[in-house]
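Asks: Single-letter residue listing:
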Amino acid sequence: MTVILNQSFTGISIGAVLLLIALGLTLTFGQMGVINMAHGEFIMAGAYTTYVLQKSISSAGLSLLVALPVAFLVAGLMGALLEWLLIRRLYTRPLDTLLVTWGVSLMLQQLARDIFGAPNVQTHAPDLLTDNISVGGGITLANSRLFILGLALLSVLALTLILRLTPLGRRIRAVVQNRDLAEVSGIATGRVDRMTFFIGSGLAGVAGVALTLVGPIGPTMGTNYIVDAFLVVVVGGIGQLKGSVITAFALGVLQSVLEYSTTVSVAKVVVLVAIVAFLQWRPQGLYTLRTRSLA
Amino acid sequence: MTTTTEPVKAVTPHNPPPTPLLERLRVPSAFALGAVLLLGIAPLALSDFRLALLAKYLCYAIVAVGVSLAWGRGGLLVLGQGVFFGLGGYAMAMHLKLADAADTGQKLPDFMQLYGTGDALPWWWEPFANPLFALAMTVVLPMAVAAILGFLVFRRRVKGAYFAILSQALAAALSIWLIGQQATTGGTNGLTDIQGFFGYSLDDPVNQRMVYFVIAAVLLLLMLLARQLFVSRYGELLVAVRDSEERVRFLGYNPANVKLVAYVVAAGMAGLAGALFVPAVGIISPALIGIVPSIGFVIGAAVGGRASLVGAVLGAIAVAWAQSTLSDAFPAGWTYFQGLLFVVAVGFLPGGLASLWTVARNRRKATTSSGSEVTA
Amino acid sequence: MSGLSISRRGLLAGVSAVGASAALSACGAKTGSDTSSDAGVKGDTSGSTVRVGLLNSLSGTMAISEVTVHNSLLLAVKEINAAGGVLGKKLDPISQDGASDWPTFAEKAEALIKDDKVVATFGCWTSSSRKAVKPVFERYKSLLFYPVQYEGLEESPYIFYTGATTNQQIVPALDYLKKQGLTKLYLVGSDYVFPRTANKIIKAYAKAKGMTVVGEDYAPLGSTEFSTIVNKVKDSGADAVFNTLNGDSNVAFFKEYKSSGMTAKSMPVLSVSIAEEEVKSIGTQYLEGQLTAWNYYQTTPGAANTKFVAAYEAAYGKGKPTSDPMEAAYISVYLWKEMVEKAGSFEVAAVKGASDGIKLAAPEGEVTVDGASQHVYKTARIGKVGADGLITEVWNSGKPIKPDPFLKGYDWASGLS
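Protein chains in written order, with the numbering used here: chain G, 49 to 343; chain C, 36 to 411; chain E, 851 to 1267.
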């Protein structure tokens, strides 16, 4: 029983990491159809932001809290810049954005290497977040994982509120559902695109801050997460947050169960094969946005 | 909502009315020129070492022929060619390792004696002792996997980005699986230290040159085959599917089948390339299969010109050459350059470097014919 | 190029017209036929300098580790040149980038031997890169000095192994754990050759000496999700973890380990791939008190080490740590120099012949070359990570251990290979 409960929590915490890294992509890929392979490098930018801030703010806890909004801004601005420089020229060629942004990700990795050096760097986590809570019955919950779970849910909530309640959110939804109609209704689609990209990339930065608690911080850290993040969005389906949320947690639990009963390698392979099979059943993912488009 | 069509203009001439003799001889003469360069001049001009390197690049070029067909003409972004390259390579390497072991009177390949668990050869290795079976498998295995996957995927109309990401996931899965089975696949090391090639010692530089000739000949033949496919009715249908799948469906064709053929042929080519890579380089390993090398197989074609056969082949050779030459001198600079090359070639020159040539030719034509087209 | 190869070219050009497949059966040596009359490719010793090859990954995923080894090799070359070179000739180091890609390693090795005509090559890190270049060095009969602890089970006549083999690192580490009464082990490793081979040895040792292995898990290289593995370790009731994880995975593993409430006191982790550089990137917050097994630490006492650490800091910046693979790389150049001077020649056969019994007062203590296996006698040292990020020795084997790559001298290991 303890094992099952511990593993469930593990699955949920893996899911929270997946959700956090995929959330920005549900906006940029899910809603705009742009495959941004440099998304992983925006995560990296968030992690390095934490590292840099820690050099000037000695308190680990405070620097982490400050890093969250700063990383959002840093990664968001990088994303907006990328959109303005390259991606807006490629909206009609989604597959080409994949290759172009892969080139960008190579350059960003090298840039990180030149600035911070090739070896991984360390950040100091606040003591509270390296500890754990015991909830009885032999079950312990790692604080860092709880923090990530909380942050992921908070990000989903904030994103939902923005999309539902703000004028910007309304415009984003309008562009997603029908770009041409939105444009003739007087929405500056170009500006909306840039804002969407800013928010999506900013969320990657936030994910980067959280990941300093559980993973390595180095120039290639983004590549560890990028394929997983895309799989979540692909399985979740285009244009819907709830698809990504459900998928992230489902994949997390599936992976933790498989890892416990088999090996990590087998678990990875089975999860990937399961995804291929799932797309047989629902080729457009879990949830799809109904449109009249044929393509 | 999103369109998956790529506005890359095909350069296929649609049976242009009376072609001048020079135009009609263009393809055969280009082919002859390629043959002379690859089979005649290169072996004379290059040292053993350089020629062996060229052999390796030509293997990448063979993959690029398939990429040009599937991606350039069919619009299928095949980001998992490493899978097929690997299947072909492993099929060949398994046979060569068994033959090496038999030559030295051993029952098991060297790595199995070190890392294996039992004394018996795994059952799925056994048939590969037969050279004909192994040779057939280098092409049949990748094509069969592509056929099954393609059938499932295209039938359900999984396409565009979904297809690309699925291909990537598959490449990752195969490479992780191979690494996990160290006792029977050699794990991360892969299959190395290959001594002979169907009875010929690879230590001998003469035989190394022979391998080069085989690779060059295969490349030329496959280019010819691809060229025939490009200009056939099927080739036109493939371009039509790429540019507007729905219209083709309304015309009564099944686009899934059209795409499937291109995907399977491209997989077979990648498998053959992998099989030839093994005697040329002497190694096949999971590191050649995963996500990054799979993207690498597409780079060359993208830079040279995905829709142009010659462009894709030259692009693949040039990128591989640049990688091995520039990365020593400027390890950091090379990464920037590679990234930039990708951004510029794909982002701003979707026809690749080959399109520069077309542009230049059109401009020359335009200026010679009183320049009216330029202003038009 | 010799005249012979020119005539071959002429022949080949003619043959090519006939067709490649016909040509394949026309000439070339068969497998098994004796090609050893071929003397390989000799290094060029005609000038006032001789070239030596440095083959490391300067780019790609392995660059993190291999650049430090490359720096150490350059440092040794520079020092030797400043002291007058080898046999009166200065060394000209030629760096080639293996780019963390195994076929590239093979290609660059061939370039060093055939194009640059190096007299010896130093480098490689991963087992995969060594396996990829091994046939190249054997084919051209050229020497490689390999500086990293590895999984053993190999003796190439053209490779000198200056890092530890299993009986100089893994086996002493097990002896140490047993002596501490830590007999229930959980094995965690990355999924590649070294951990799998090491764990096979550990299991054989445990079986023979009354220890138990309560669990064994492998994570794909580069994997950064360890919550499940750490859960399993926690539930296993093990006394200690034997950790053969590599690279980034260590960072994720130790962060997870600490947040799940385990410490060096409750269940120590003994790692064989964490050196000073890695401690820096993981953080002492997570590593303090954990154990490592190597043959050298930055804190190892002795004049030779004080000199090495100071020279490295002077060359590459204050605070740059030195580690076991770096030290093994550094001494590999000196060992080669001693062999060449003893042989009085750069000839590969002469150098190999002179290798047995070469002694060096190395930063790690005295090392001696074992000519038969072409490995090095080394002292095993268990260390503990301190709050300052340095590793201090808590135990050593007392004297250098004779290298035994196939573990022939250990009864319990008889069933292994």
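Keep in mind that a hint or two might mislead.
Here are a few chain E residues that face chain C, going by a calculated C-beta distance under 7 Å [unchecked claim]:
{"no.": "1", "residue": "Gly890"}
{"no.": "2", "residue": "Lys892"}
{"no.": "3", "residue": "Pro943"}
{"no.": "4", "residue": "Gln946"}
{"no.": "5", "residue": "Val1043"}
Calculated from the structure, these hints are not laboratory results. For each residue, glycine too, the CB sits at the ideal point set by N, CA and C.
Asks: Now look at each hint and say whether the structure bears it out.
Replies: Going through the hints against the structure:
{"no.": "1", "hint": "Gly890", "in the structure": "10 Å, violated"}
{"no.": "2", "hint": "Lys892", "in the structure": "15 Å, violated"}
{"no.": "3", "hint": "Pro943", "in the structure": "13 Å, violated"}
{"no.": "4", "hint": "Gln946", "in the structure": "6 Å, holds"}
{"no.": "5", "hint": "Val1043", "in the structure": "5 Å, holds"}
The earlier numbered hints that this structure contradicts are 1, 2, 3.
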